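If you're matching them up, the sequences are chains A and B in order. Using the working numbering, read the first sequence as starting at 550 and increasing by one per residue. Using the working numbering, read the second sequence as starting at 550 and increasing by one per residue.
Some hints here could point you the wrong way.
A few chain A residues facing chain B, derived, Cβ under 8 Å [what the hints assert, rightly or not]:
{"id": "1", "residue": "Met608"}
{"id": "2", "residue": "Lys621"}
{"id": "3", "residue": "Arg696"}
{"id": "4", "residue": "Arg815"}
{"id": "5", "residue": "Lys823"}
{"id": "6", "residue": "Gln863"}
{"id": "7", "residue": "Ile867"}
{"id": "8", "residue": "Gln885"}
{"id": "9", "residue": "Ile889"}
The hints are simulated quantities; they were obtained by calculation from the structure and are not laboratory data. Here the structure is a predicted model, which is why all the values come from computation and not from measurement. Beta carbons are placed, not taken as given, at the ideal position from N, Cα and C, and that holds for glycine.
There are 2 protein chains.
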Amino acid sequence: MSIETLKAEIARRYGTPSLVIDLDIVERNIARLQARCDAAGVANRPHIKTHKSPVLAAMQRDAGAKGIACQKLGEAEVMADAGHDDILITYNILGEEKTGRLGKLAGRVKMTVAADSAVVVDGLARAGEIAGRPLDVIVECDTGRARAGVVTPQEAVALAERIASHPSLAFAGFMLYPPENGVAETQSFLDTAKAGVRAAGLEPRVVSSGGTPNLPNLGKIEGVTEHRAGTCIFNDRMMMAAGVASLEDCALNLYATVVSRAAPGRGILDSGSKTLTSDSGGLDGFGLILEHPKARIAKFAEEHGFLDLTACEQPPEIGDVVRIIPNHVCVVVNMQDRYITVRGDEIIGELPVAARGKLR
Amino acid sequence: MSIETLKAEIARRYGTPSLVIDLDIVERNIARLQARCDAAGVANRPHIKTHKSPVLAAMQRDAGAKGIACQKLGEAEVMADAGHDDILITYNILGEEKTGRLGKLAGRVKMTVAADSAVVVDGLARAGEIAGRPLDVIVECDTGRARAGVVTPQEAVALAERIASHPSLAFAGFMLYPPENGVAETQSFLDTAKAGVRAAGLEPRVVSSGGTPNLPNLGKIEGVTEHRAGTCIFNDRMMMAAGVASLEDCALNLYATVVSRAAPGRGILDSGSKTLTSDSGGLDGFGLILEHPKARIAKFAEEHGFLDLTACEQPPEIGDVVRIIPNHVCVVVNMQDRYITVRGDEIIGELPVAARGKLR
Chain A
550 MSIETLKAEI
560 ARRYGTPSLV
570 IDLDIVERNI
580 ARLQARCDAA
590 GVANRPHIKT
600 HKSPVLAAMQ
610 RDAGAKGIAC
620 QKLGEAEVMA
630 DAGHDDILIT
640 YNILGEEKTG
650 RLGKLAGRVK
660 MTVAADSAVV
670 VDGLARAGEI
680 AGRPLDVIVE
690 CDTGRARAGV
700 VTPQEAVALA
710 ERIASHPSLA
720 FAGFMLYPPE
730 NGVAETQSFL
740 DTAKAGVRAA
750 GLEPRVVSSG
760 GTPNLPNLGK
770 IEGVTEHRAG
780 TCIFNDRMMM
790 AAGVASLEDC
800 ALNLYATVVS
810 RAAPGRGILD
820 SGSKTLTSDS
830 GGLDGFGLIL
840 EHPKARIAKF
850 AEEHGFLDLT
860 ACEQPPEIGD
870 VVRIIPNHVC
880 VVVNMQDRYI
890 TVRGDEIIGE
900 LPVAARGKLR
Chain B
550 MSIETLKAEI
560 ARRYGTPSLV
570 IDLDIVERNI
580 ARLQARCDAA
590 GVANRPHIKT
600 HKSPVLAAMQ
610 RDAGAKGIAC
620 QKLGEAEVMA
630 DAGHDDILIT
640 YNILGEEKTG
650 RLGKLAGRVK
660 MTVAADSAVV
670 VDGLARAGEI
680 AGRPLDVIVE
690 CDTGRARAGV
700 VTPQEAVALA
710 ERIASHPSLA
720 FAGFMLYPPE
730 NGVAETQSFL
740 DTAKAGVRAA
750 GLEPRVVSSG
760 GTPNLPNLGK
770 IEGVTEHRAG
780 TCIFNDRMMM
790 AAGVASLEDC
800 ALNLYATVVS
810 RAAPGRGILD
820 SGSKTLTSDS
830 GGLDGFGLIL
840 EHPKARIAKF
850 AEEHGFLDLT
860 ACEQPPEIGD
870 VVRIIPNHVC
880 VVVNMQDRYI
890 TVRGDEIIGE
900 LPVAARGKLR
């Protein structure tokens with residue numbers, strides 16, 4: 550099958566907009582991440598927030614990953630139901646409804662969860678009680694992103710001690726999400742925090758770092774035991790802009806159709822903010838159209854992608870199916886119920902985005 | 550129940566982030582839209598892209614709406630399956646997969662579909678053949694938005710004649726989505742187009758205008774037979790900014806939890822771009838927090854809403870549940886599988902967002 554035949558066949562069988570992933574590239578990306586982690590002597594704990602598929606997570610596990618990371622409890626439940634049994638939730642879990650669910654989950658698979666405050670830690674104690682065995686908790690440390698995470702090593706130590714004070718919890722270590730240029734600050738924070746907890750008689754078994762953009766830093770922070778990378782299973786235009794992926798590393802295309810060419814120099818795609826999202830990722834335009842790299846996805850209505858075609862020598866025509874590399878692949882996956890899988894120009898089948906919509 | 554008890558109960562039963570709609574306000578908004586259309590002598594054809602619920606669409610129908618509008622074919626299929634039998638798709642339907650589905654749909658319920666090009670019209674002819682009865686097609690006219698739609702009345706007339714030339718299609722009229730300040734231009738376009746089709750022996754039975762922000766223009770464009778408004782069933786921060794809704798008219802709140810307060814002056818909500826979306830709607834901040842109107846939702850990660858709390862005298866604390874009026878309600882609904890319904894501070898139940906994810 551040629552790529553043009555593939556495009557026509559996908560449009561005919563499934564319609565557009567559709568998510569299409571090339572399993573050859575997915576497998577290559579999975580193997581490359583594993584090799585990078587192996588070379589750095591760091592366990593690979595891929596973050597499933599990007600793909601939300603237990604099947605893809607199993608491919609990562611089979612390639613050597615040691616467990617997975619989830620952002621939300623609902624994602625973890627889907628993964629556990631599919632047989633994943635070593636799960637880190639990189640997020641503060643709060644409130645009776647969630648600690649109850651977490652407790653049940655921790656009773657049947659190995660769960661670790663992050664926390665950055667005493668309120669969260671004290672709530673997690675209930676989850677550990679429900680689980681019937683100590684729940685592993687790691688302290689989220691902020692070394693420069695100003696998102697979540699304790700902001701000083703002293704707070705990290707105090708929180709570790711608080712975790713250890715609960716019989717239903719076990720202090721497991723630290724979670725980092727270092728800024729890409731923050732290796733030195735992160736090392737200093739981590740060293741002080743580790744010394745502090747050791748002085749208190751605690752041992753950090755796990756030091757988890759994260760981020761696809763941080764892959765070039767892999768192995769540079771001493772004491773890191775595992776790394777969580779999500780986006781690099783598919784890559785996207787942001788990862789290309791960050792210099793951590795090339796065009797050939799992008800495994801996911803959104804297939805879209807040009808539905809209007811009402812005037813010269815412009816057109817409309819059947820994919821708007823409800824498909825590609827308004828996440829610009831700081832880039833110009835909202836995606837790269839492989840067939841028309843000079844076309845600019847200039848703005849969105851909910852179901853309309855506004856094309857600026859003034860720079861195209863041969864602009865697309867009404868009915869043309871095009872392949873788009875999204876700016877930010879994680880949020881695009883989050884809107885669809887299934888992938889179409891291909892290898893090169895052969896259609897393989899469908900794969901559900903099983904944890905889509907698991908916001909809770 | 551007090552509002553604090555309601556919030557605690559929703560968090561306990563359903564967790565956050567959750568979409569909560571107040572049916573009292575929904576009903577008032579539905580009645581108000583119907584009254585405005587009645588007063589203007591224009592049929593009410595609400596756009597379901599906002600709520601994606603056949604149940605809410607039935608409430609609109611029972612209040613007097615004459616049919617519904619959908620943006621995508623998949624939405625129309627969900628609505629037809631639930632008994633809605635007069636559906637306008639305000640979108641170019643293209644490609645064998647979609648014209649086949651449209652044909653089946655048009656064989657069982659009254660369908661009207663928009664088109665802005667000969668390519669689309671010629672493709673629709675197949676849908677009409679499959680339906681076994683002429684498919685109503687309206688010509689989408691662009692009177693200033695530069696989105697989809699023919700850009701001159703002459704093109705509109707030519708397209709009307711092309712529709713009429715297909716035995717399986719019937720020319721039904723015109724579709725407008727006028728810019729809010731474009732009444733005069735739209736009137737002029739419409740008058741010329743109407744005269745043109747009449748000279749060709751065709752009668753526009755339908756002239757459909759659209760947009761909640763266009764409600765103040767209702768009745769001002771002579772010849773409009775129906776209006777499509779979507780957002781006003783719930784309203785949002787954009788509609789407040791546009792002056793077409795007040796705070797009391799906002800029927801939908803996103804319930805979210807403050808999960809981190811790692812430093813003074815900032816915090817993190819459990820709702821990021823995968824919940825509230827990066828649609829800014831041109832506003833400062835990504836939503837209004839009812840309990841903390843001076844808090845600013847400054848930016849997002851996928852599951853983190855970054856709060857700037859520097860202006861708050863009494864900032865929210867970890868674990869607090871807050872109610873957020875989103876900037877753009879349509880894209881927020883699009884991410885969730887269900888609404889929690891309330892009346893004032895009483896929980897009524899749950900309602901599926903049945904047409905969520907119907908992008909095709």
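For each hint, the structure was consulted:
About 22 Å separates the beta-carbon of Met608(A) from the nearest beta-carbon of chain B, more than 8 Å, and the hint is not met. The criterion of a C-beta within 8 Å of any C-beta in chain B is met by Lys621(A), whose closest approach is roughly 6 Å, and the hint holds. The criterion of a C-beta within 8 Å of any C-beta in chain B is met by Arg696(A), whose closest approach is roughly 6 Å, and the hint holds. For Arg815(A), the shortest C-beta to C-beta distance to chain B is roughly 7 Å, which falls under 8 Å, so the interface hint holds.
A hinted interface residue such as Lys823(A) counts as satisfied when its beta carbon comes closer than 8 Å to some beta carbon of chain B; here the least separation is about 5 Å, so the hint holds. A distance limit of 8 Å between C-beta atoms decides the matter here; for Gln863(A) the minimum to chain B is near 17 Å, and the interface restraint is violated. At its closest, the beta carbon of Ile867(A) sits 4 Å from a beta carbon of chain B; the interface hint therefore holds under the 8 Å criterion. With a cut of 8 Å, the hint placing Gln885(A) at the interface with chain B holds, because the nearest CB-to-CB distance is about 7 Å.
At about 12 Å, the closest approach between the beta carbon of Ile889(A) and any beta carbon in chain B exceeds 8 Å, and the interface hint on this residue is violated.
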